[in-house]
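Student: Kindly generate the complete structure, drawing on both the sequences and the hints.
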Amino acid sequence: DVKVTQSSRYLVKRTGEKVFLECVQDMDHENMFWYRQDPGLGLRLIYFSYDVKMKEKGDIPEGYSVSREKKERFSLILESASTNQTSMYLCASRTGYTYEQYFGPGTRLTVT
Amino acid sequence: GEDVEQSLFLSVREGDSSVINCTYTDSSSTYLYWYKQEPGAGLQLLTYIFSNMDMKQDQRLTVLLNKKDKHLSLRIADTQTGDSAIYFCAEKGTSGSARQLTFGSGTQLTVLP
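Which chain is which? The protein sequence lines are A and B, in order.
Our numbering applies: residue 1 is where the first sequence begins, and numbers increase by one.
Our numbering applies: residue 1 is where the second sequence begins, and numbers increase by one.
FYI, nobody ran anything at the bench for these hints, they're computed from the structure.
All figures in this text were calculated on a predicted structure; none of them were measured in a lab.
We put the beta carbon where it would ideally sit given N, CA and C, even for glycine.
Hints may be right or wrong, so weigh each one.
Covered stretches of chain A, going by a simulated chain B footprint (3 or more residues, C-beta under 8 Å) [as the list claims (entries may be wrong)]:
1) 38-45
2) 99-110
Okay, the calculated beta carbon distance ranges per label pair [as the list claims (entries may be wrong)]:
3) B:S17 with A:S80: 48 to 56 Å
4) B:M55 with A:I77: 40 to 48 Å
5) B:E14 with A:K53: 44 to 52 Å
6) B:L61 with A:T95: 19 to 27 Å
7) A:R14 with B:N52: 47 to 55 Å
8) A:T110 with B:G82: 24 to 32 Å
9) A:P39 with B:D58: 26 to 34 Å
10) A:S80 with B:V19: 44 to 52 Å
11) A:G16 with B:D78: 45 to 53 Å
12) B:R13 with A:E30: 40 to 48 Å
13) A:M27 with B:L61: 22 to 30 Å
14) A:R14 with B:D69: 45 to 53 Å
15) B:K56 with A:G16: 47 to 55 Å
16) B:A41 with A:D51: 25 to 33 Å
So these bits of chain B aren't anywhere near chain A, every CB distance computed over 12 Å [claimed, not checked]:
17) Q6
18) V12
19) R60
20) L61
21) E91
22) P113
Tutor: In structure tokens form, the structure reads like this:
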């Protein structure tokens with residue numbers, strides 16, 4: 001079974017702090033994704049990566065950056081957390097054949 | 001760009017069938033997916049259908065695809081309380097970024113006893 005893990009289920013940070021969210025997949029997938037999920041807005045793509053050290057902006061990249069130094073690990077970085085970044089963050093990785101994405105359990109981030 | 005629409009809420013009685021509907025705009029969609037999200041959890045892939053198929057059945061789940069109307073539905077037979085969750089429709093098109101899926105905003109299914 002595909003396994004995607006995220007470093008924290010719940011996280012509370014203060015405004016202005018630098019925040020790292022880590023995601024690891026064990027299926028050797030080349031493509032990895034970060035989404036945020038907010039009520040009524042569904043999933044919005046922040047960034048994705050199609051190879052090590054390669055990244056592409058999604059629909060809402062402002063205020064975020066990413067890092068992909070190893071194939072299995074994709075990190076989302078909030079350079080200076082703000083209260084409007086309070087959300088559920090979901091990581092996913094993707095197969096190359098039928099394109100379905102496999103999701104981690106999510107990190108619920110609260111910025112106070 | 002691509003757009004995927006779903007109604008936000010659906011309530012059914014335990015034992016009845018549930019039908020969750022989705023419409024999409026990208027006529028070049030190749031794969032369409034249904035995901036389930038239980039409270040506090042990530043998304044779990046339920047099933048997918050290739051665009052050259054009209055129907056796919058998997059135990060209690062039936063997916064129907066009407067390409068002409070760009071309409072996708074998920075039917076859950078004999079709905080149980082454990083089926084209460086948010087259901088997301090998603091599509092993979094050939095336009096735009098080939099790496100991305102476009103997700104609907106999700107339908108909250110509530111199963112009443």
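Student: Confirm or reject each hint.
Tutor: A quick look at each hint next to the structure:
Counting residues of the segment 38-45 of chain A whose C-beta lies closer than 8 Å to any C-beta of chain B gives 5; at least three are required, and the coverage claim holds. Evaluation of the coverage hint for the segment 99-110 of chain A: fulfilled, as 9 residues show C-beta separations to chain B shorter than 8 Å, against a requirement of three. The beta-carbon spacing between S17 of chain B and S80 of chain A, approximately 49 Å, falls within the hinted interval of 48 to 56 Å. With their beta carbons about 44 Å apart, M55 of chain B and I77 of chain A fall inside the hinted range of 40 to 48 Å.
The given range of 44 to 52 Å is respected by E14 of chain B and K53 of chain A, whose C-beta atoms sit roughly 50 Å from each other. Distance hint for L61 of chain B and T95 of chain A: a CB-CB separation of about 20 Å, consistent with the stated range 19 to 27 Å. The hinted window of 47 to 55 Å between R14 of chain A and N52 of chain B holds, with their beta carbons roughly 52 Å apart. Checked against the hint of 24 to 32 Å, the C-beta distance between T110 of chain A and G82 of chain B comes to roughly 29 Å, which is consistent with it.
The given range of 26 to 34 Å is respected by P39 of chain A and D58 of chain B, whose C-beta atoms sit roughly 29 Å from each other. Separated by about 45 Å at the C-beta atoms, S80 of chain A and V19 of chain B satisfy the suggested range of 44 to 52 Å. Look at G16 of chain A against D78 of chain B: about 52 Å separates their beta carbons, and that is inside 45 to 53 Å. For R13 of chain B and E30 of chain A, the hinted distance range of 40 to 48 Å is satisfied, since their beta carbons lie about 44 Å from each other.
Separation of M27 of chain A from L61 of chain B is about 24 Å and conforms to the stated range, judged on CB atoms against 22 to 30 Å. For the pair R14 of chain A and D69 of chain B, the beta carbons lie near 50 Å from each other, so the given range of 45 to 53 Å is met. For K56 of chain B paired with G16 of chain A, a C-beta distance near 49 Å keeps the hint of 47 to 55 Å intact. Hint check: A41 of chain B to D51 of chain A, Cβ distance near 29 Å, so the stated range 25 to 33 Å holds.
At the 12 Å boundary, the C-beta of Q6 of chain B falls inside the reach of chain A, the nearest C-beta of that chain being 8 Å off. No Cβ of chain A comes within 12 Å of the Cβ of V12 of chain B; the nearest lies about 21 Å off, and the non-interface call holds. In this structure R60 of chain B is separated from chain A by more than 12 Å, as the shortest Cβ-Cβ distance comes to about 20 Å. No beta-carbon of chain A comes within 12 Å of the beta-carbon of L61 of chain B; the shortest separation is about 15 Å.
Look at E91 of chain B: its CB is around 10 Å from the nearest CB on chain A, not clear of 12 Å, so calling it non-interface is violated. Annotated as non-interface, P113 of chain B keeps its C-beta farther than 12 Å from every C-beta of chain A; the closest such distance is 25 Å.
Of the numbered hints given earlier, the model fails hints 17, 21; all others are met.
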